[in-house]
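Visitor: So the chains spell out like this:
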Amino acid sequence: MRNLKLGLLATSMALAFSVQAAEVEVLHYWTSGGEAKAAAELKKMMEGKGNKWKDFAVAGGGGENAMTALKTRVVSGNPPAAAQIKGPSIQEWGDEGVLGSIDAVAKKEGWDKVLPPVVSNVMKYKGQYVAAPVNVHRVNWLWVNPELLKKANAKVPTTWDEFFVTAAALQKAGIQPLAYGGQPWQDSTVFESVALGVGGVDFYKKAFVQLDSATLSGPTMIKVLETYKKLKPFTDKNAAGREWNLATSMVINGKAAMQFMGDWAKGEFLAAGKVPGKDFLCVAAPGTANAFTFNIDSFAMFKLKDASAVKGQNDLASTLMSPAFQEVFNLNKGSIPARTDLAMDKFDECGKKSAVDFKATAAKGGLVPSWAHGMAMKSATQGAVYDAVTQFWNDDKMSAKDAAMKLAAAAKTK
Amino acid sequence: MSTPNAHYGFAERWLPRLVLAPSFLLTLVFLYGFIAWNGYLSFTNSRLLPNYEWAGLVQYATLFENERWWVAVRNLGVFAVLFIGGAMAIGITLAILLDQKVRGEGAIRTLYLYPMALSFVVTGTAWKWMLNPGLGLEKLMHDWGFTSFTFDWLVNSDMSIYTVVIAGLWQSSGFVMALFLAGLRGVDDSIIKAAQIDGATLPRIYWKIILPALRPVVFSTLMILSHIAIKSFDLVMALTGGGPGFSSDLPATFMYSMAFTRGQTGLGAASAMMMLATVAAIVVPYLYSELRKDHHG
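Protein sequences appear in the order of chains A and U. Note that the first sequence covers residues 1 to 414 in the numbering used here. Note that the second sequence covers residues 1001 to 1297 in the numbering used here.
Treat the hints as calculated values from the structure; they're not laboratory data. Misleading hints may appear alongside valid ones.
To be verified - Simulated pairs of lysine-lysine, DSS-like, Cα-Cα distance not exceeding 30 Å:
id : chain 1 : residue 1 : chain 2 : residue 2
1  : A       : Lys397    : U       : Lys1101
2  : U       : Lys1128   : A       : Lys237
3  : A       : Lys126    : A       : Lys71
4  : A       : Lys229    : U       : Lys1231
5  : U       : Lys1208   : A       : Lys172
6  : A       : Lys151    : U       : Lys1139
7  : A       : Lys107    : A       : Lys229
8  : A       : Lys414    : U       : Lys1128
9  : A       : Lys237    : A       : Lys206
10 : A       : Lys229    : A       : Lys124
11 : A       : Lys232    : U       : Lys1193
Unchecked claim - Calculated from the model, a selection of chain U residues having no Cβ within reach of chain A, i.e. all distances over 10 Å:
id : residue
12 : Tyr1008
13 : Tyr1060
14 : Glu1105
15 : Leu1135
16 : Tyr1162
17 : Val1187
18 : Asp1189
19 : Arg1204
20 : Leu1211
21 : Met1258
22 : Gly1263
23 : Thr1278
24 : Leu1287
Claimed, not checked - Here are some chain A residues pointing at chain U (derived, C-beta under 10 Å):
id : residue
25 : Gln128
26 : Pro184
27 : Val201
28 : Lys205
29 : Gly383
Cβ atoms here follow ideal geometry from the backbone N, Cα and C, with glycine treated the same way.
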């Protein structure tokens, strides 16, 4: 009798555990409107494959809160199945020895064939896939309010010289040329586009990917810094601390003519009922038409002990990379699929252009990682470079030469 | 053989310890235990996650070479001096003025004390609007016709730390006033009356008799204000976000961004130890003098 009871207890406990283990817990920070819709899509697909979806959403745009929550879970030995981690941070987590491999799924589905190597390299740790990419954001966009440009009789700039002509014309017409958000990550987002436009792809790679000290403090960098600082008179002084979406709404409402921002800004335009190509224009930042700074969202997989949980994890990886999910997700998010083999019919003009440029630059070598969005440097280095850029922008007494030296010093942070 | 008396002795001996044990244990683990853990982390090369490999003083060396850390320290100096000094001065003045048996004292006291009921986050956000040149004070003055008026400290990286001081003062002066008012009310009336009979003027009475009698209040207030200053985090985050750039960073915001957003846990731990050392430098001498006083009756 007693044994029977114990046996029952053991079975029920085992059952309870197995039910729990079949859950796929996913940490993400997609909590804003379009993002939440995209996450719901993922949930539906996962449940369709017989997995139990456990949402672990942590609000906070840049994912800082989510990363703090993730750290506590990993330290306590209870990681979620997958978490939204991107760029070299994947390598950092790999170094901590907590990531699990999904190489079997990737091999079976031929990920190497549909992802450009610059993308797939980021997803691998020591040659094995540990993360799945879901989208590609282009960062080097210039968003333009064409009506204001017409009013000032100015044209859409394609080089930095043209940009300053346009900006001066706008200012003369009493229109604020540039909507700007003065937060460190936004300072760096704009700076990155300036660097790519003024210095070119090779310079960009040498400076921000290889962190070459001589390039970071060299004459081209000084020219980049000077160009960057020349933007400041075209912004308003309330820009300090402004959120990016408030800056975008200035362009939407006609309070400012242009903004440098990644293509998540498109979501704001669309939400305001604006039509791309008519009410607003998306053009490559001056001088960067042949280049593409990418920012890729991805999910890194954590090492799990339970076999059924690992199965759920593999299902998740396969779902994330499936053409159906990549399409529906990116239609909601405003970005483009990471897979390069999808039809782009359903996407809007900016999305189509982005996809064409993505493939073209991937083939010609103009595809570069956005360091301002954590795709090129480790977080400590990135933070130090942020500090140098934002200090230069805010300190009117600092010379471009000093700032270049500071950049080079910051890049040495390990 | 047990008598009721022995039972009572047992309870008397063990009950207080039993009652205190949980909170003692919690304090031991979650305060001192974590301080020790953090101290150890500051001597390791911890990156994203804690690791326990001894690295010596590397993190402290990195910290002292970090320009941003020294901006934070300098800001703390400016903030602490102006915030503590200002709150004390304003609070004492308000308390003395209120102490003159004015009508409606209760209502006025509540008004002064009310900012304390708001969290620093609310204070910071409210002042962020008021000090924003395009939204608050400066725009108001411009709308009224004073177009040459400028007050753009919030967006000026040389002055941003002073906006933190302003908001902090607004928040805490009323609280200091309440403490001092309570202290003033505790001063024996007969001494004041005696002084008045001797012909001392009111300012003289305050300066020479009442304020010296308030020494314990002064010390408690100093203690409270200085630890508010050192751990200040929410006010800066809500008001300036540490910006423009990192010009209004304080050690607390520095620590948070290093440890939690930049994957430099070791460096964050080292900066936290430096903050702890600063607090200890203030609290320990105070506790020492207090405890010694108790000892001598």
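Visitor: So which of those numbered hints doesn't the model satisfy?
Guide: Hint check: 1, 4, 5, 7, 8, 9, 10, 11, 15, 21, 22, 25, 27, 28 fail, others pass.
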